[in-house]
Amino acid sequence: MVKLNPGQSTRSIYLGLACLSLTLHLLLAFFCLSVLQTTCVPHTSSSSTSSSIPRTDARHHHSVSHSSSSSAACSSNKLPTSPQIEERHKPAANVFDHKGNGSFSEAAEKAKKLTGEAKQKSHSKLEELFKHPLYNLPHAELQQDDWLLRLKTDEDATDTSSQEEETEDSIPSDGEWQSASQEEGYDKDTWTTNKETHPPWLRFHLGISRWALYDRKDPNLTELTHYLATQRILGAVQKTGGTQLKLLLSFPNYGQALLKPMRQPRDAETDVNLFYFSDFERHNAEIAAFHLDRVLGFNRIPPVVGRLINVTTEIREITTDHKLSKTFFTSPAGNACFHGECEYYCSTENPVCGRPHALEVSLASMLPDLSLAPRRSWRSPWRRSYSRTKLAQWEKDPAYCDTVKKTPPYNHGTRLVDLIDMAVLDFLMSNMDRHHYETFETFGNETFMLHLDNGRAFGRHSQDEPSILVPLTQCCRIRRSTLLRLRLLSHPDFRLGDIMRESLAQDPLGRIAPLLSEPHLSALDRRLTTVLQVVQKCQEKHNDVIYNDVEISDQHYDYQPD
0 MVKLNPGQST
10 RSIYLGLACL
20 SLTLHLLLAF
30 FCLSVLQTTC
40 VPHTSSSSTS
50 SSIPRTDARH
60 HHSVSHSSSS
70 SAACSSNKLP
80 TSPQIEERHK
90 PAANVFDHKG
100 NGSFSEAAEK
110 AKKLTGEAKQ
120 KSHSKLEELF
130 KHPLYNLPHA
140 ELQQDDWLLR
150 LKTDEDATDT
160 SSQEEETEDS
170 IPSDGEWQSA
180 SQEEGYDKDT
190 WTTNKETHPP
200 WLRFHLGISR
210 WALYDRKDPN
220 LTELTHYLAT
230 QRILGAVQKT
240 GGTQLKLLLS
250 FPNYGQALLK
260 PMRQPRDAET
270 DVNLFYFSDF
280 ERHNAEIAAF
290 HLDRVLGFNR
300 IPPVVGRLIN
310 VTTEIREITT
320 DHKLSKTFFT
330 SPAGNACFHG
340 ECEYYCSTEN
350 PVCGRPHALE
360 VSLASMLPDL
370 SLAPRRSWRS
380 PWRRSYSRTK
390 LAQWEKDPAY
400 CDTVKKTPPY
410 NHGTRLVDLI
420 DMAVLDFLMS
430 NMDRHHYETF
440 ETFGNETFML
450 HLDNGRAFGR
460 HSQDEPSILV
470 PLTQCCRIRR
480 STLLRLRLLS
490 HPDFRLGDIM
500 RESLAQDPLG
510 RIAPLLSEPH
520 LSALDRRLTT
530 VLQVVQKCQE
540 KHNDVIYNDV
550 EISDQHYDYQ
560 PD
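Mind the numbering: the sequence shown is residues 0 to 561 in numbering that gives the first Met the number 0, read in order.
Treat the hints with care, as some may be off.
Here are the simulated BS3-like cross-link-like pairs (lysine-lysine), alpha carbons at most 25 Å apart as the crow flies [to be verified]:
no.: 1; residue 1: Lys151; residue 2: Lys187
no.: 2; residue 1: Lys216; residue 2: Lys194
no.: 3; residue 1: Lys238; residue 2: Lys151
no.: 4; residue 1: Lys404; residue 2: Lys540
no.: 5; residue 1: Lys405; residue 2: Lys540
no.: 6; residue 1: Lys216; residue 2: Lys130
no.: 7; residue 1: Lys130; residue 2: Lys238
no.: 8; residue 1: Lys124; residue 2: Lys194
no.: 9; residue 1: Lys216; residue 2: Lys404
no.: 10; residue 1: Lys238; residue 2: Lys395
no.: 11; residue 1: Lys395; residue 2: Lys405
The calculated label-pair distances, taken between Cβ atoms and stated as ranges, are [what the hints assert, rightly or not]:
no.: 12; residue 1: Ser370; residue 2: Pro407; range: 26 to 36 Å
no.: 13; residue 1: Thr472; residue 2: Asn410; range: 12 to 22 Å
no.: 14; residue 1: Pro132; residue 2: Leu390; range: 42 to 52 Å
Read the hints as simulated data drawn from the structure, not as lab findings.
Ideal placement from N, C-alpha and C gives every residue a C-beta, glycine not left out.
Could you put together the complete structure from these sequences and hints?
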């Protein structure tokens, strides 16, 4: 019979109790670890920085799988999880990691700030302005002859084909146009009567009517400016005519744009000793003029956009203009420069230079070719003398407008008030260089005036030029719709300077730095007050100041200046 040793039995019992205790502690540890990880996962939304009540449907499950960023407090204790759950852990890092990017309170303050910025960003004065009834006035339906260009119908195309049977490139009966260009780099496009097949520049041309260059509500306007700012540049040549350097750019889908380069810093004021006809043209003035014309509701300046281009790869290396290519050189500072050939400022003393290759430019949409839509150039009745010593007739004769009113085409229709619209625009942006204007011949005298060539605007913010406003002061005549919009833009809710600041910020160059300095924006408000004061004085002296072009109630739409 074997005798048991009491000491061994006691040790076995103790060892078993110790193992049981260790097992229980391990189970407790795993249980606590599980609870800790559950509390480390906050309920978050995939699209918002603020917390929200989670949804228990399939959409919420899908949104959770797109969350990002991980909690450092929990990352060291991560269990094997699916990618969706692993992604779900990530947002906690910025909130709960005290050793990382800040404390919980700091994260909360940051979230508040972001929320406040989002609310502020969502409040757009520009959008509210364009929703105002004055920018949505009813218009008569446009007739077929109110469009500058139109697509040929099947019948038109058939007639053309029958008349030009021997012409290889006659338009087929289905209205389809196919690119036959053999030039390298151009797209092999096929355009039909369906507008969806047309590039933005062609849709812009087809949208020109008797009364405006474009419809502000047309979504193609956004597509066109984006196209100008991003499209690959295929060719660059110097444009003939004019006094200063400008280039004609070509794009792969047969579109073109007029380029004006940056010649001086955006906020540089014109030298007070320079005559108005001796000043540099400014790329930012062309951009700002388009935005101002649109804000005033005129829609008579072709869309213009800013762009940063490479002087070397996007001009020098692709140009076929031998005269232009000969003017390129490298400056002592190592910058790529050129000057072209023109009447003013085209020399090595006044070059256009990149930094070292990047150059700010304005790109303006080209109007339809003159062979398709001929334009007539009119000498402005209030043209300056462009002389250092002589004065123009209107500068010597206070009753000059009486003569203009008796002269065609200013003696009937809207041409006179159109001219005064342009004078108001020029005064607001201080543009003294308005010697001619153009209209489309197709529409005769019953049409709007094109507000082209605004490069010498926004030269001085510290000084106003009253002589620009002489057409209004002498004629005492203004459109009612123009006056109502000017009064609206003097209201604190729609201050012109604020509206222009927001509008210009949408331009690609405006996202880099303001296209107009704050003094220029303040000058817009100051000059607007001057215009309204001139109209007020006219109304005190005359009874026929307002040309009534709209039938609306003053009590509902009219704002008096502050």
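Violating hint indices (sorted, rising): As far as the earlier hints go, 3, 7, 8, 9, 10 are violated by this structure, in ascending order.
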